Amino acid sequence: MMSIIEVENLSKNYGKIIALDGLNLNVEKGECIAMLGPNGAGKSTFLKIATNIVHPTSGTVKIGGVIVEHDPMSALEKVGPLVELPEFYPYLNGKEVLDYVCRVKGASREEIKSETQRLSTMLSMDDYIGRKCGQYSRGMKQRLALACAMVMDPDVMILDEPTFGLDPRGMREFIDIIMDINKKESKTIIMSTHLISEAREIASRVIIMNHGKKMVDMKNERDISMMKVTFSGSLDSNALSSDGIEVVENGTDWATITAKNNESNRDIILKLMNSGMEVKWVEPVDSIEKTYLDIVK
Amino acid sequence: MTSRLTLFKDTYIYYLKNYYRSRSFYLMFSMAIVVSCLLTYLSFKYLNDLNRFAQSVNFVMSGTSAKEKILGYLWSFVLSSLPAFAAVFFGSPSISSEIETKTALHVFTLPIPRIILLLGKFFSSVTVTSIIVITYTLFEAAVFQYIFNTLIIQLLYSFLLTLLFVLSFSAMTFLISSLFNRNTYAYITALIIYLLVFSAATIMIELLYSVTPYYLLNNAASITSRVYIDIYFGISTNGSNPNPASYHLIILCSLVMFLYFIVSLGITAVIFERKEVK
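Residue numbers (the working numbering), protein chains in the order written: chain A, 26 to 322; chain B, 5 to 282.
Worth flagging that the hints you see were computed from the coordinates, not collected in a lab. This structure is a prediction, so every number in the text was calculated from the model and none was measured. Glycine included, each C-beta is placed from N, C-alpha and C at the ideal position. Treat the hints with caution; some may be incorrect.
[Stated by the list, open to error] Where chain B lies over chain A, by a calculated footprint (3+ residues, C-beta under 8 angstroms):
| id | region |
| --- | --- |
| 1 | 70–77 |
| 2 | 87–99 |
| 3 | 108–118 |
| 4 | 128–139 |
[To be verified] Label-pair restraints from in silico Cβ distances:
| id | chain 1 | residue 1 | chain 2 | residue 2 | range |
| --- | --- | --- | --- | --- | --- |
| 5 | B | 274 | A | 163 | 31 to 41 angstroms |
| 6 | A | 194 | B | 267 | 30 to 40 angstroms |
| 7 | A | 163 | B | 37 | 46 to 56 angstroms |
| 8 | A | 159 | B | 34 | 12 to 22 angstroms |
| 9 | A | 219 | B | 259 | 54 to 64 angstroms |
| 10 | A | 163 | B | 280 | 19 to 29 angstroms |
| 11 | A | 138 | B | 259 | 44 to 54 angstroms |
| 12 | B | 152 | A | 96 | 53 to 63 angstroms |
[Said to hold, decoys possible] Here are the simulated SDA-like cross-link-like pairs (lysine to any residue), alpha carbons at most 25 angstroms apart as the crow flies:
| id | chain 1 | residue 1 | chain 2 | residue 2 |
| --- | --- | --- | --- | --- |
| 13 | B | 71 | B | 8 |
| 14 | A | 138 | B | 8 |
| 15 | B | 13 | A | 155 |
| 16 | A | 41 | A | 109 |
| 17 | A | 157 | B | 29 |
| 18 | B | 106 | A | 230 |
| 19 | B | 21 | A | 230 |
| 20 | B | 282 | A | 95 |
| 21 | A | 315 | A | 230 |
Sequences and hints are given; from them, build the entire structure.
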């Protein structure tokens, strides 16, 4: 499959501080990637380079085959960015902001009108879209920023902590919208977040970063389905080592296991029980959270 | 693909709306009205006392035209500081505020060349400053028409030179703004450079070399009033001439202002292109 975003050996230094250290990444069309990592891991720096806010010290980011730094206009034409919480000019209203973004993206007069209306309704902004941005709350600005990112149906959406600062209801709505965009419209989404639950729910691929480096790139669903099984007696290592089961970690009466093949969790448990082991308790293990904590501890 | 000219037009209008609705604009506009009204009042009240001013600068008054020139000089003398303050108001936070308030996180990610963003913002800033200058000049023209029943050509020269000064000083404030990420630093630096550094440099150069440094913007800008009568308050070159400044001097000062405009805007474009929001 063709890579829509190609990152090659990307580095960024702020004086002596290395914010990004030789990042390599390929994002395929239709993928939804969540970037996790502690503060200062390099997530935002990468997304800022990809959206022309920051220039790389070395390396390149290509979007649709175009190097962002060389030709930002062409590279960003089909990109919908939302980086941190952008501010808007205080004396312009939300409609004027959307109108301008539409114009910059080459919309016709009719398209501007319909696009502004569509986004305003979709993101429930009808009540305040005519108000000046200087009067907007944080949540309102976040919605307007997402609307700007969605203008003219971009192929790629780059979202830096899109739900940061939103109330639970706002967060739920945002997640639903992003999932809809990814699933129904097959858009490529790359987002950074601090919320593991958000990454688990939205992403098809999870990248964990630390100290400016990509530490983990978990690509398929198997990687994010793990379970901790507690047994009544002691562990039978022979049963555990049967085909299709991978032991990630184990104790005297418990083991964290995952399926080697495409077997479901139910089938794995049945296999263990049929081999004579008495299963006392089964709980899902969040492999993302576990990996994340292993990396950043 | 939207053409660059259309992008520029859209960007210009976008920024212009934000400028003319701002409090800064209304504050400057109100000040221009107040100063214009004050000068209108003074013009009518002291019209017959202009000879006292003429004597103070050793200027021999003869006829209505001379009165008109002196009055014109006084109006444009006041005007010369108005666009400077307006340009500082609109120009100084122009780029630093994009970083400080994080509006850059929105505009830098748009598929639009930064040079167009810069030019759109620059010319909208120049437009609102010019509106203030035009308002003041309209007051001046109305007063002159009423009192003298005629308008002298120097009024037009002064107005055009003032617009050139607006261009050059706005470009300079944009340049200063591009060096900082905080508005306060940009405001203070612009004011210090224009009001203190240029004035101090003028005094030193006049003392040391007995020449007027027209290559400093404040001296070049003095031409906006010297097109009426050539009065210059310098250390070594004090004096007045009942005639307008020579064409040679007008061209020299215009060139200096034009150079400030081109060079400042050019450097700003280079800095703005590399600007980042960390």
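Structure-based check of all given hints:
1. 70–77: holds (count 3)
2. 87–99: holds (count 3)
3. 108–118: Three-residue rule met by the region 108–118 of chain A, so holds; n is 10.
4. 128–139: It holds, with 4 qualifying residues against the three required.
5. B/274 - A/163: 31 to 41 angstroms: Hint holds: Cβ distance 35 angstroms, inside 31 to 41 angstroms.
6. A/194 - B/267: 30 to 40 angstroms: 54 angstroms, violated
7. A/163 - B/37: 46 to 56 angstroms: Once the Cβ atoms are compared, 38 angstroms apart, the range 46 to 56 angstroms for residue 37 of chain B and residue 163 of chain A is violated.
8. A/159 - B/34: 12 to 22 angstroms: 20 angstroms, holds
9. A/219 - B/259: 54 to 64 angstroms: Holds, since residue 219 of chain A and residue 259 of chain B (Cβ atoms, about 57 angstroms apart) stay within the stated range.
10. A/163 - B/280: 19 to 29 angstroms: Since residue 163 of chain A and residue 280 of chain B have Cβ atoms about 24 angstroms apart, the given range 19 to 29 angstroms holds.
11. A/138 - B/259: 44 to 54 angstroms: Holds, since residue 138 of chain A and residue 259 of chain B (Cβ atoms, about 48 angstroms apart) stay within the stated range.
12. B/152 - A/96: 53 to 63 angstroms: Holds, since residue 152 of chain B and residue 96 of chain A (Cβ atoms, about 59 angstroms apart) stay within the stated range.
13. B/71 - B/8: The hint is violated at about 49 angstroms.
14. A/138 - B/8: Satisfied, since the Cα-Cα distance of roughly 22 angstroms is no more than 25 angstroms.
15. B/13 - A/155: Status holds; Cα separation ~22 angstroms.
16. A/41 - A/109: 24 angstroms, holds
17. A/157 - B/29: Holds, at about 17 angstroms.
18. B/106 - A/230: Since the Cα atoms of residue 106 of chain B and residue 230 of chain A sit roughly 30 angstroms apart, the hinted pair is violated (cutoff 25 angstroms).
19. B/21 - A/230: Judged against 25 angstroms, a Cα distance of about 43 angstroms means the pair is violated.
20. B/282 - A/95: Holds - the C-alpha atoms of residue 95 of chain A and residue 282 of chain B are around 20 angstroms apart, at most 25 angstroms.
21. A/315 - A/230: Holds - the C-alpha atoms of residue 230 of chain A and residue 315 of chain A are around 16 angstroms apart, at most 25 angstroms.
Comparing the model with each numbered hint stated earlier shows that hints 6, 7, 13, 18, 19 do not hold.
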